[in-house]
Amino acid sequence: MTAPLLQVRGLGKRFGGFTALDALDLDIAAGARIGVIGPNGAGKSTFVNLLAGTLPPDCGSILFGDTRVEKLPPHRRVRLGLARSFQLPQLFASMSVIENILVPLAYAAPSREASPFVRSRAEAQAMNLLEQIGLARLRHQPVGALTQVEMRKLELARAMAARPKLLLCDESMAGLSDSEVDDVLDLLFAINAEGVAVMMIEHIIKAVSRFSERVIVLVAGRKILEDAPANAFRHPEVERAYLGE
Amino acid sequence: MELSYDILSNALVTGCLLGGVYAALTLGLTVSFGLLDIVNIAHPAFVVAGAYIAYGLNASFGLDPILAGLIASPAIFVCGIAIYQLYHAGLERRGGSSIRGLAFFFSLLMLIEVGLLLTFGVDFRSVQTSYIDAVPSFGNVTLPLRLLVPFLVSIAMVGATQALLYGTTFGRAVRAVAQDQIALRLMALDPVRIKALAFGLSAILATLAGSLLIIVQPVEPSIVWLYIGIPFAICVLGGAGSVLGTFLAALIIGLSESFCTSLWGPSWSPALTFGILLLVIAFRPNGLFAR
Amino acid sequence: MKLSMPVFAAFVIGLCATLLLVLHAIDNDYLYFGGYLLFQYVALAVAWNILGGYAGYINFGSAAFMATGSYTTVVLVKLFALPLPFLILAGGATAGLLGLFTAAMTLRFKGIFFAIATLALAVVLQTIVVNWDFVGGSRGVYLVRPPAPAFLDSFAQYLFALILGVTALAVILARFIERSTFGMGLAAIRENELAAETCGVPTLRLKIAATVVSGALMGMAGAPLPYYLTYMEPNSAFALTHTVNSVAMPLIGGTSSWTGPVIGALLLGLAQQTATVTISSGLNLLVVGGLLMLFVLAAPEGLIGLLHLAKRRGAT
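Chains as they are written, first to last, in the numbering used here: chain A, 1 to 245; chain B, 1 to 291; chain C, 1 to 316.
Calculated from the structure, these hints are not laboratory results. Just to be clear, a hint being listed does not mean it is correct.
The following label-pair restraints were derived from C-beta to C-beta distances [stated by the list, open to error]: (1) Ala145(A) with Arg205(C): 28 to 36 angstroms; (2) Pro6(C) with Asp190(B): 35 to 43 angstroms; (3) Gln141(A) with Ser4(C): 43 to 51 angstroms; (4) Arg240(A) with Ala104(C): 44 to 52 angstroms; (5) Ala145(A) with His88(B): 55 to 63 angstroms; (6) Phe124(B) with Ala145(A): 53 to 61 angstroms; (7) His88(B) with Ala148(C): 50 to 58 angstroms; (8) Ala148(C) with Thr119(B): 39 to 47 angstroms; (9) His88(B) with Pro39(A): 32 to 40 angstroms; (10) Asp190(B) with Gly195(A): 47 to 55 angstroms; (11) Arg9(A) with Leu244(B): 24 to 32 angstroms.
From the three backbone atoms N, C-alpha and C, an ideal C-beta is built for every residue, glycine too.
Produce the complete structure using the sequences and hints provided.
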């Protein structure tokens, strides 16, 4: 039995007197599809930020592959294959669509170590990615001209340019229409089909239950449940946590 | 170096008095930088402008500088609001980068300094009051009134600001505005309007501190550059946004300067203060009192 | 314009050589003296922009970096007899180290703290120099100009050629950075530092590198100054105009490329030289401050940006 891709042990974070995350344990296997749900303030975003490295943990360890990463800055984790996308797309506003993809291709993609960054080759790779997400014709547009769902997809494509082994998706579908949600979901399935493990933090129950093999439920900083979607959504605690808001 | 009890006790007293004045100097920045998150580099220019207003009213009408500062407050308040509106319209609303915000206040600093230079010239100016030369002493410790009076006014300013921020609805709104704009809108308050009023308040605090400054020492326009570091150092050291933190940090800075002057002479004290600033930024950017 | 770097470098060097030949033909030392100051500011503006415009981190302590270069010259000259080109390199090295020190201490935190720290830096350094007798303290030191190399007309021409060389280096280096992966990383940091980290950009390392390069170039621009003035004292070394101009010239000219600081420095520099002769220097500062505020509020992309707008309007 191969070791899991990601092993989280006892991960915790406090803000002043408030415990955002309380000694969380989690394993994610390579190529897995995990959903994370929980009410607002449950610690989901904190969890993503701790995994990605934008927040330092107070305690606990994160083992990614063979490497302990909890003390590494985000850019080192990305180079190891741990990528994340943001809830509100954090794109490079003054750059064009394709230029946004060139940045992670230059800095995060593992192939960068093997050979120096050659712009023409990188542009070809970027075009591939853009074709995959259907934005190829917009490649020279400034990002300000994109629609919401186009920006979300570009955000995901940028994370993909890093050739990750694990992708953390922080509420990529918030505020999208039903068909747009399906659009993004198809993209995530395609990403997963390439062997990338995906951890999806979402409020949209339909999407989580369609996508996930396993669902983690966070309430008040604690993992109260980890089960298949069908069981998870029927659990009384989950119902209470969701209907209670 | 002879460190007699007299020298040390005088350094202690002077340090406290100076620290109090520094607290007044910093209060405006505590509001604009600490609470509103506006990097108002032009703050020392407001202070020096306030000193010159006090000088002008003192020279022309014989007004006590502190009284002059209070009388000028309404006009200053309006100016502060206007400056904020300009800043907001030109920069905040368009989501400009922080570099342009800094450049805006940097150019404001230059414009105010040059304005003062062209109006008043390079000579040092001071005020005439009945108490400015009085130096009563208690035993071997001297209490120059030109330090004591501003110190007392400064305490009053700190108290008043603390009361305003924690005891009034406006104060609560100001404290919330940088953190939680949604909460503000739920209180049916316009964040922009709150910020404008708060910035006007910070302008008043700065210019009032200026009228204290000119009692302590003579002023000339280029001292704006000397007084950039001290308020920022105190603000950062005290934990941006905390009035009490500002007061304590100011005492620390005042005492360090005073002891430094007693031990090594006055020419090293700018380096000491700014050196402290650099160290604080490098090691405790959330202030000495952060949890 | 898609000139390759070697062609561009050759072009710049050719331009400088032409300028030198033209001035040699005119044979007026005053032009060399005036030109020195002008190109000193071009170099300073281009150098400042590497950190300020490309990475978005504003440096209010340019005077400190320039003065480090100037006083490195003073210290070395008091100990050894060294040729000016070497002094320029030494000035660059010490200023670069200063950049490394400042950056490492403050760049972990928000850009605001870096800006404030650079403000403080100039004051700390000036206080140290004022109290340092070896370099003359507040009284300053006099320097005797060595003879100019045999193939040159005068010492003034020598100084001008050197500062022109520093400027050419700054421009070539700036353009090289702009078009490199390094420059792309700096732009990402400027646009969205959090996202840049998430895209694998080692933000701290790049910011420190940019500060070192920017600071070193500023030190190189300051190194010949003691010989230019034949006298070095803290107020001239740490002159306010160095800080003010290094911020205003790129912001007025345009910060996204090396062309902005060059245009800003040439225009503003010429205006200031005329103004200092005709009107007071206080009024000069008023004009710079007013222009800076005007551009920050109304033309954030600077003169270059306005030019692009005009081109696009003309095309439609």
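Results for each hint:
1. Our hint of 28 to 36 angstroms for Ala145(A) and Arg205(C) holds, since their Cβ atoms are close to 33 angstroms apart.
2. Between Pro6(C) and Asp190(B) the beta carbons are some 57 angstroms apart, a value that contradicts the proposed interval 35 to 43 angstroms.
3. Between Gln141(A) and Ser4(C) the Cβ separation comes to about 28 angstroms, which falls outside the hinted range of 43 to 51 angstroms.
4. Checked against the hint of 44 to 52 angstroms, the C-beta distance between Arg240(A) and Ala104(C) comes to roughly 51 angstroms, which is consistent with it.
5. A C-beta distance of roughly 26 angstroms is found between Ala145(A) and His88(B), which places it outside the suggested range of 55 to 63 angstroms.
6. A hinted range of 53 to 61 angstroms holds for the C-beta pair Phe124(B) and Ala145(A), which are about 58 angstroms apart.
7. Taking the beta carbon of each, His88(B) and Ala148(C) are about 55 angstroms apart, inside 50 to 58 angstroms as hinted.
8. Between Ala148(C) and Thr119(B) the Cβ separation comes to about 46 angstroms, which falls inside the hinted range of 39 to 47 angstroms.
9. The hinted window of 32 to 40 angstroms between His88(B) and Pro39(A) holds, with their beta carbons roughly 36 angstroms apart.
10. In this structure the hint that Asp190(B) and Gly195(A) lie 47 to 55 angstroms apart at CB holds, the actual value being about 51 angstroms.
11. Range check, Arg9(A) to Leu244(B): about 41 angstroms between beta-carbon atoms, so the 24 to 32 angstroms window is missed.
Taken one by one, the earlier hints fail for this structure at numbers 2, 3, 5 and 11, listed in ascending order.
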